[in-house]
Amino acid sequence: MKALNKTLTGEKVEIVEIRGGRGLVTKLLNMGFYPGVIVEVISNCGYGPLIIAKDGMRLGLGFGMAQKIFVK
Amino acid sequence: MKKKIKVALAGNPNSGKTTIFNNLTGSRQHVGNWPGVTVEKKEGTFAYEGLNIKVVDLPGIYSLASHSLDEKIARDFLLEEKPDVVVAIIDSSNLERNLYLAVQLLELGVNLVLDLNMIDIIENKGMRIDIEELSRVMDVPVIKTAANKGKGIDNLKSAVKDISVREEKNTFEIDYGNDLENEIRNLSRFLGEKKILSRYSLRWLVLKLLEQDENILAKIKGLPEEKEVEEKVFESIAKLEKHFGYDVETAIVERRYAFLRGLVKECCHKIMGIREREEITDRIDQIVTNKFLGIPIFLGLMWFTFQLVFTFGAPLADLIDSFFGWLGGIVSLGMNVLAAPAWISSLLVDGIIGGVGSVLIFLPNILLLFLMISILEGSGYMARAAFIMDRVMHAMGLHGKSFIPMMLGFGCNIPGIMAARTLESEKDRILTILVNPLMSCSARLPIYTLFAGAFFAEHQGLVVFSLYFMGIVLAIVVARIFKSIFFKKEVAPLIMELPPYRLPQVKSVLIHMWEKGSLFLKKAGTIIFVGVMFVWLLASLPPGVEYAAKESLIGKLGSLLAPLFSLAGFGTWQAAVSLLFGIVAKEIVVGTLGTLYGVEEVGLKSVIMQHFTPLSAYAFMAMSLIYVPCIAAIATIKKETNWKWTVLAVGYSLILGWVVAVLIYQIGILFI
Ligand SMILES: Nc1nc2c(ncn2[C@@H]2O[C@H](COP(=O)(O)OP(=O)(O)O)[C@@H](O)[C@H]2O)c(=O)[nH]1
Ligand SMILES: [Mg+2]
Chain A
597 MKALNKTLTG
607 EKVEIVEIRG
617 GRGLVTKLLN
627 MGFYPGVIVE
637 VISNCGYGPL
647 IIAKDGMRLG
657 LGFGMAQKIF
667 VK
Chain B
799 MKKKIKVALA
809 GNPNSGKTTI
819 FNNLTGSRQH
829 VGNWPGVTVE
839 KKEGTFAYEG
849 LNIKVVDLPG
859 IYSLASHSLD
869 EKIARDFLLE
879 EKPDVVVAII
889 DSSNLERNLY
899 LAVQLLELGV
909 NLVLDLNMID
919 IIENKGMRID
929 IEELSRVMDV
939 PVIKTAANKG
949 KGIDNLKSAV
959 KDISVREEKN
969 TFEIDYGNDL
979 ENEIRNLSRF
989 LGEKKILSRY
999 SLRWLVLKLL
1009 EQDENILAKI
1019 KGLPEEKEVE
1029 EKVFESIAKL
1039 EKHFGYDVET
1049 AIVERRYAFL
1059 RGLVKECCHK
1069 IMGIREREEI
1079 TDRIDQIVTN
1089 KFLGIPIFLG
1099 LMWFTFQLVF
1109 TFGAPLADLI
1119 DSFFGWLGGI
1129 VSLGMNVLAA
1139 PAWISSLLVD
1149 GIIGGVGSVL
1159 IFLPNILLLF
1169 LMISILEGSG
1179 YMARAAFIMD
1189 RVMHAMGLHG
1199 KSFIPMMLGF
1209 GCNIPGIMAA
1219 RTLESEKDRI
1229 LTILVNPLMS
1239 CSARLPIYTL
1249 FAGAFFAEHQ
1259 GLVVFSLYFM
1269 GIVLAIVVAR
1279 IFKSIFFKKE
1289 VAPLIMELPP
1299 YRLPQVKSVL
1309 IHMWEKGSLF
1319 LKKAGTIIFV
1329 GVMFVWLLAS
1339 LPPGVEYAAK
1349 ESLIGKLGSL
1359 LAPLFSLAGF
1369 GTWQAAVSLL
1379 FGIVAKEIVV
1389 GTLGTLYGVE
1399 EVGLKSVIMQ
1409 HFTPLSAYAF
1419 MAMSLIYVPC
1429 IAAIATIKKE
1439 TNWKWTVLAV
1449 GYSLILGWVV
1459 AVLIYQIGIL
1469 FI
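Protein chains in written order, with our numbering: chain A, 597 to 668; chain B, 799 to 1470.
If you're looking for bench data, these hints aren't it; they were derived computationally from the structure. Small disclaimer: the values here were computed from a predicted structure and weren't measured. Glycine included, every Cβ here is placed at the ideal spot set by N, Cα and C. Careful, some of the hints might be misleading.
[Unchecked claim] The calculated lysine-lysine pairs, modelled on DSSO-like cross-linking and capped at a C-alpha distance of 27 Å, are:
no.: 1; chain 1: B; residue 1: 1403; chain 2: B; residue 2: 1320
no.: 2; chain 1: A; residue 1: 668; chain 2: B; residue 2: 1063
no.: 3; chain 1: B; residue 1: 1436; chain 2: B; residue 2: 1281
no.: 4; chain 1: A; residue 1: 668; chain 2: B; residue 2: 1089
no.: 5; chain 1: A; residue 1: 664; chain 2: B; residue 2: 1225
no.: 6; chain 1: B; residue 1: 870; chain 2: A; residue 2: 664
no.: 7; chain 1: B; residue 1: 1287; chain 2: A; residue 2: 650
no.: 8; chain 1: B; residue 1: 1089; chain 2: A; residue 2: 602
no.: 9; chain 1: A; residue 1: 598; chain 2: B; residue 2: 1040
no.: 10; chain 1: B; residue 1: 1089; chain 2: A; residue 2: 664
no.: 11; chain 1: B; residue 1: 923; chain 2: A; residue 2: 608
no.: 12; chain 1: B; residue 1: 923; chain 2: A; residue 2: 650
no.: 13; chain 1: A; residue 1: 602; chain 2: B; residue 2: 923
[Unchecked claim] Selected chain B positions facing chain A (in silico; Cβ < 10 Å):
no.: 14; residue: 892
no.: 15; residue: 966
no.: 16; residue: 1052
no.: 17; residue: 1088
no.: 18; residue: 1188
Make the full structure from the sequences, and use the hints.
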């Protein structure tokens, strides 16, 4: 298990856990990002925000958020 | 009497709600390709086969749990105002997530029509959606539209009409599995007997309680049964969590999505074939959001916009300028020939042509500016800009999403301030609002163009750019300071959908540009006109005084204020009153100078060159940028926040403007 910001561009990972404030977790859940979902990392330069994809949807996540999403 | 019904348009951000709204009602609300274009509910009406239909366009939402102000507006409308029909606008290229909201709407018990919008995108890819099956499973009418081409709108109208008289209840229910269903039944029985919050559908209410929806919990608070309900709910949650091994909210969301996954598989043929569009989007994003290229590309785009607006706009503006100069000459000659009273001639030449005319000159620049802004908005780049700037914005204590309000502020601060509604945290929102007036809106553009053109003709572009830049830097500094005084809390992290890139539609770009242009013309004909007339009147009174002399009323008023500005190098009474009246609308700064100095033949540019030095001109431009937002912006700040923040916004900008102008002048003088 690792934080999302430690992934590489092009990697496909499964969400394991989302930490953080309740509001933000709820928001991500309802957008379809919950444990068990596979996402693809579209671009992650290591620091700064990153883009993940689920099906046709592209989601931009700030660094702070990416640190709180754990994947495998 | 026609029967009246109320229809709400609900859907994910960017699914095409506003486009449908415009199609239905014939209005021209703003459409853009980024989440958060619509931040308030907009109403319109149309008549259809004996029905008088009121349509409400809502801000985009992903679910009925609201996080930001704009989402709350949509949610509250759907929950509390009970529209007769709700049309769920679905982005067909993203069915699963879009249907998720529709499922929640059905659980809420609304009278639903499913509109599969953007059907053109998936049909072009050779995909098909089995709408009969979808309609059967969800027990709602389903129709297809391609709103940007106006296709399917008639079907939508008739579906709305049909459903508005539907008697039987919707039978759709997701099966959440035995354990959850058991608890749902238990709680439903309990809440049903107590008749708690009975205005909502029972099943929905129970689900929201199990999900621990903050809004619903807040509604339970204060009820006599509060304790009892809480206990019951916690009991159920504890039981379920023990069983699942994780939280109930996740379990519920997961079950909804699992159901939808199945449904989508059943109804769609070849759903995954949609790679193509994303491939283009992803490829562009890899360049545009690249860690090295992202910011340079953004700055390059800004520079290009800037050059277009000023370099390309300048000759056009000059053309109009010479026209007004010529007109002023002709009219004053004509008045002489007709032997009209001097005050009529002065009213026409100084007041109308000099005052309003000197503002109208800038129409081309303003049109070009909005042309670029609407292209940026329509393409999908706007969301990326916020994304790229997330780190920078964080460093200055703002949120990545605050960047969009700031960009919009370059057009006009009012939509900029409103757009802050999309920020999830109230503190981020207020901070974004407070610094927004430091973004050089299009009303400052006439001031910059006039002064930079007169004093820095060689480096006009650079000088104006420096002012825009100064605004941004000041915004950073001010945000940092306010952050450390008022909001010590950390900035909320960014979560933002990045819509696929789309070619901006020529028609909607042009319409948007024209709307803004005509708004400017309207402003010139109303508030600017009145302001300038007022200035003219004060300059002509008391009777017998020489027009715009120091002894006129306005001269006296200005002389009172002028000493305030002598440290900044522009201590003339004309400059002082132009700033004073500029509070009404910043274009009036130029309008006032035009009225007082007159424009005949020589033009305003050459007149102000006698009254300012390059240094004092620069200080004056800085002052006009910073001091006090215009009245309309102040009113908007008040509406979006409260008196306290409004007073702060006005107060800090006045002081900051003066300090900066004085510093520029005093430091500059040392070197020149
Ligand atoms: N291809 C396609 N694009 C559409 C359709 N409807 C809307 N759009 C585009 O989708 C974007 C978002 O539209 P808008 O109405 O602002 O969405 P809203 O956020 O739901 O109000 C705009 O760029 C529209 O031009 C459609 O049916 N087909
Ligand atoms: Mg909209």
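(request) Tell me, in ascending order, the numbers of any earlier hints that this structure violates. (result) Numbers 7, 13 and 15 - these are the hints that the structure violates, sorted from lowest upward.
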